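> Protein sequence lines, in the order shown, are assigned to chains A and B. When you number the first sequence by the UniProt record's numbering, it's gap-free, plus one each residue, and the end is 455. When you number the second sequence by the UniProt record's numbering, it's gap-free, plus one each residue, and the end is 118.
Keep in mind the hints are simulated off the structure, nothing from the lab. Just so you know, these numbers come straight off a predicted model, no measurement behind them. Note that the Cβ used here is the ideal one computed from N, Cα and C, for glycine as well. Some hints could be false.
[Unchecked claim] Taking lysine-lysine pairs in the DSS-like style, the calculated list, with each CA pair at most 30 Å apart, reads:
#: 1; chain 1: B; residue 1: LYS50; chain 2: A; residue 2: LYS283
#: 2; chain 1: A; residue 1: LYS384; chain 2: B; residue 2: LYS47
#: 3; chain 1: A; residue 1: LYS283; chain 2: A; residue 2: LYS344
#: 4; chain 1: A; residue 1: LYS431; chain 2: B; residue 2: LYS50
#: 5; chain 1: B; residue 1: LYS67; chain 2: A; residue 2: LYS422
#: 6; chain 1: A; residue 1: LYS306; chain 2: A; residue 2: LYS283
#: 7; chain 1: A; residue 1: LYS384; chain 2: A; residue 2: LYS445
#: 8; chain 1: B; residue 1: LYS50; chain 2: A; residue 2: LYS433
#: 9; chain 1: A; residue 1: LYS198; chain 2: A; residue 2: LYS209
#: 10; chain 1: A; residue 1: LYS357; chain 2: A; residue 2: LYS445
#: 11; chain 1: A; residue 1: LYS375; chain 2: B; residue 2: LYS67
#: 12; chain 1: A; residue 1: LYS410; chain 2: B; residue 2: LYS67
#: 13; chain 1: B; residue 1: LYS50; chain 2: A; residue 2: LYS242
#: 14; chain 1: B; residue 1: LYS47; chain 2: A; residue 2: LYS382
#: 15; chain 1: A; residue 1: LYS357; chain 2: B; residue 2: LYS47
#: 16; chain 1: B; residue 1: LYS50; chain 2: A; residue 2: LYS198
[Said to hold, decoys possible] Chain A residues, not near chain B, derived (Cβ > 12 Å throughout):
#: 17; residue: VAL21
#: 18; residue: SER24
#: 19; residue: ILE58
#: 20; residue: GLY104
#: 21; residue: GLN177
#: 22; residue: VAL195
#: 23; residue: PRO211
#: 24; residue: THR267
#: 25; residue: PRO310
#: 26; residue: PRO326
#: 27; residue: ALA338
#: 28; residue: HIS359
#: 29; residue: ASP427
Letter by letter, the chains look like this.
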Amino acid sequence: MSRKNGNYTNNHMGDAAQNGVRDSLAPEEFDRYSRQMIVPGMGKDSQLRLLNSHVLIIGAGGLGCPAAQYITGAGVGTIGIVDGDVVETSNLHRQVGHATSRVGMLKVESLITHLRALNPLPNYVAYPFPISPENAAEVIRGYDLVLDCTDNPATRYLISDICVLLCKPLVSAASVQKSGQLIVLNCPPAPQGLVDNKYAPCYRCCFRKPPPAGSMVSCGEAGIMGPVVGTMGVMQAGEAIKILASGLHLPGSEGGNLREPTLLIYTYELENTIGPFSFRALKMGGRKKNCFACGENSTLTLEGIKGGDPNYEQFCSLPSAKHTLPAEERITASEYNAARISGKLPDGHILVDTREKEHFSFGSIPGAVNVPFGKLLTSAAKIKREGGAGHGILPHGVAEDAPIFVVCRKGLDSQEAVEKLKELGMDNGGKRKITDIKGGMQAWKEEVDPTFPFI
Amino acid sequence: MGDTTASTPTMTAEVEMIPITVDFSGGLEMLFSNQRRHSLEIPATDKDGKPCNIASLIGYLCENTMKDPRRELFVLDDHIRPGILVLINDADWELEGEEAYEIQRGDNILFVSTLHGG
């Protein structure tokens, strides 16, 4: 806080947004925001709307960090950050609001430290816990606009439902591996139940049902490129600033310049750097009459949500068919290793590692051959369809009766692979042993080799 | 650009074929030979002589274009699985009649799986 200028006080600068509506800029603000205020369409009124607004960023990760930087830089008056996690080293390639020196610190504290250095003027509010059905309405209520920077579908449906009920615009983005998506929802906000095409959709209008649990991948499992998620987060901030500066979040703005709801998708190529497209703007429908959350007969209420209705976890975890092999078809990582070092593994055996080739490239159990899971399933289906020997799945030169061990990353794919190989008759009616290594390379690292480069 | 020539059914010799492009995004391309754009020639009518619509295109893709056996990641109970958006010439399919939309020459159909990470 600058003390050089006598014409404003601490209160005027810091807490004013909570105490009343600001109608003038302090000299320091005038200087700091000058380059954005002179952009056509901005000007003093737009800047004052930013200063008077309250933005909530849910998630201080790959989306939340870049989003928060630009929200902060632009001079939004009050910035709330929600996240229950702590900073990990594996976050740092993309979560640019954290730092190596702050590994282990709560993400909200780490990010606010970064933001204060960038701009000391806004009010920062820390919510160092995950958003939940019990706390969501209380946290969101005091804000003008919400950025969904979270990482799972249950939370995304929850946040959207609360934003519908509290009439808050929601800027939602998501990103995994080499893809990103962005959509502005519920903007301008309209009360639940108003339906005649001119109202904006909510998350449920666009994404009625979540994908089956088994088909989803997280950044932790599937990986994520920093610039992809960063681009999406920056664009979230861009949309939020646009909405706030133009007052589209304010009550009674329904007649304003309502845009066509648009889902922006971004695809980033690694294998083929001259891919046919990278950004696409897709036209989405408006609010749906029969939407569970915002539609005309919706029974969704804040009290219901708080009390566990609907059940978001259940809604988003439709059963996926995963099973466990019988004990005689499994071996632990340490048992396998003991047999390996004492020379007791069966003669001529083969160890198949079904992880993706990128994972395999960092290391494997000595002697393992890489047959990625997707490739194994595709070959198995082809053999089933067109006939031929199941043996073709394995590398050349493997004896037809060689016992097979299968290992994967965490122990699920390998069990399915064992079943597939048996389906193809590769167990020779039980004469050839096909064995799963329990818990995959994760277990190998825990039980056998703590230095193994497991990702 | 991906140029795939899909194997074409040979049930009737004179079936008219229509050229379309089919795109996959959000990870779905993994199920389609890791190729994001497929230029296809599909039969203008289905087995019963009805014009090809999105529902029959989905069946066609499963039969002819998808090499990965994990059908359930694309189709569930004969419909596109939850969590996949279908866009017809860059507009949400519900604006166009969903599965009943009759495919036109030169259409672009995009299948995109919704993402949740961040």
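> Each hint needs a verdict: does it hold in this structure or not?
Taking the hints in turn, this is what the structure says about them:
Distance check on the hinted pair: LYS50/B and LYS283/A sit about 28 Å apart at the alpha-carbon level, within 30 Å; holds. For the hint linking LYS384/A to LYS47/B, the alpha-carbon distance of about 25 Å falls within 30 Å, and the restraint holds. Only pairs whose Cα atoms come within 30 Å are accepted, and LYS283/A paired with LYS344/A is rejected, the gap being roughly 62 Å. As the CA atoms of LYS431/A and LYS50/B are separated by approximately 51 Å, the hinted pair breaks the 30 Å bound.
Restraint check: the Cα-Cα separation between LYS67/B and LYS422/A comes to about 21 Å, which is no more than 30 Å; the hinted pair holds. A distance of roughly 33 Å separates the Cα atoms of LYS306/A and LYS283/A; the hinted pair therefore is violated under the 30 Å criterion. Distance hint between LYS384/A and LYS445/A is unfulfilled; the C-alpha atoms sit about 35 Å from each other, more than 30 Å. Distance hint between LYS50/B and LYS433/A is unfulfilled; the C-alpha atoms sit about 51 Å from each other, more than 30 Å.
Of the pairs offered as hints, the one joining LYS198/A and LYS209/A holds, with about 23 Å between alpha carbons and a cut-off of 30 Å not exceeded. Distance restraint check for LYS357/A and LYS445/A: the Cα-Cα separation of roughly 18 Å lies within the 30 Å cut-off, and the hinted pair is therefore satisfied. Of the pairs offered as hints, the one joining LYS375/A and LYS67/B holds, with about 10 Å between alpha carbons and a cut-off of 30 Å not exceeded. Distance restraint check for LYS410/A and LYS67/B: the Cα-Cα separation of roughly 25 Å lies within the 30 Å cut-off, and the hinted pair is therefore satisfied.
For the given pair, LYS50/B sits about 47 Å from LYS242/A by alpha-carbon distance, which is inconsistent with the 30 Å threshold. The suggested pairing of LYS47/B with LYS382/A holds, with an alpha-carbon distance near 25 Å, which does not exceed 30 Å. Proximity of LYS357/A to LYS47/B is assessed by CA-CA distance (about 41 Å); at most 30 Å being required, the pair is judged violated. For the hint pairing LYS50/B with LYS198/A, the CA-to-CA distance comes to about 35 Å; that exceeds 30 Å, so the pair is violated.
Distance check for VAL21/A against chain B: the nearest CB is about 33 Å away, which clears 12 Å, and the non-interface claim stands. No beta-carbon of chain B is positioned within 12 Å of the beta-carbon of SER24/A; the least distance is around 37 Å. Remark: the non-interface label on ILE58/A conflicts with the geometry, its nearest Cβ contact in chain B lying 10 Å away (cut-off 12 Å). Every beta carbon of chain B lies more than 12 Å from that of GLY104/A, the smallest distance being close to 21 Å; the non-interface claim holds.
The claim that GLN177/A is not at the interface with chain B is violated, since a C-beta of that chain comes within 12 Å of its own (minimum 7 Å). For VAL195/A, the condition that its CB be more than 12 Å from all CB atoms of chain B holds, with the nearest at approximately 15 Å. Some Cβ of chain B comes within 12 Å of the Cβ of PRO211/A; the nearest lies about 2 Å off, and the non-interface call is violated. Residue placement check: THR267/A does not keep its beta carbon more than 12 Å from all beta carbons of chain B (closest about 6 Å).
Listed as a non-interface residue, PRO310/A keeps its Cβ farther than 12 Å from every Cβ of chain B; the least gap is roughly 16 Å. A cut-off of 12 Å between C-beta atoms confirms that PRO326/A is not in contact with chain B; the least separation is 24 Å. Every Cβ of chain B is farther than 12 Å from the Cβ of ALA338/A; the closest lies at roughly 35 Å, confirming the non-interface assignment. At roughly 15 Å, the least C-beta separation between HIS359/A and chain B is larger than 12 Å, which holds for a residue marked as non-interface.
Its beta-carbon lying about 20 Å from the closest one in chain B, ASP427/A satisfies the requirement of being farther than 12 Å from that chain.
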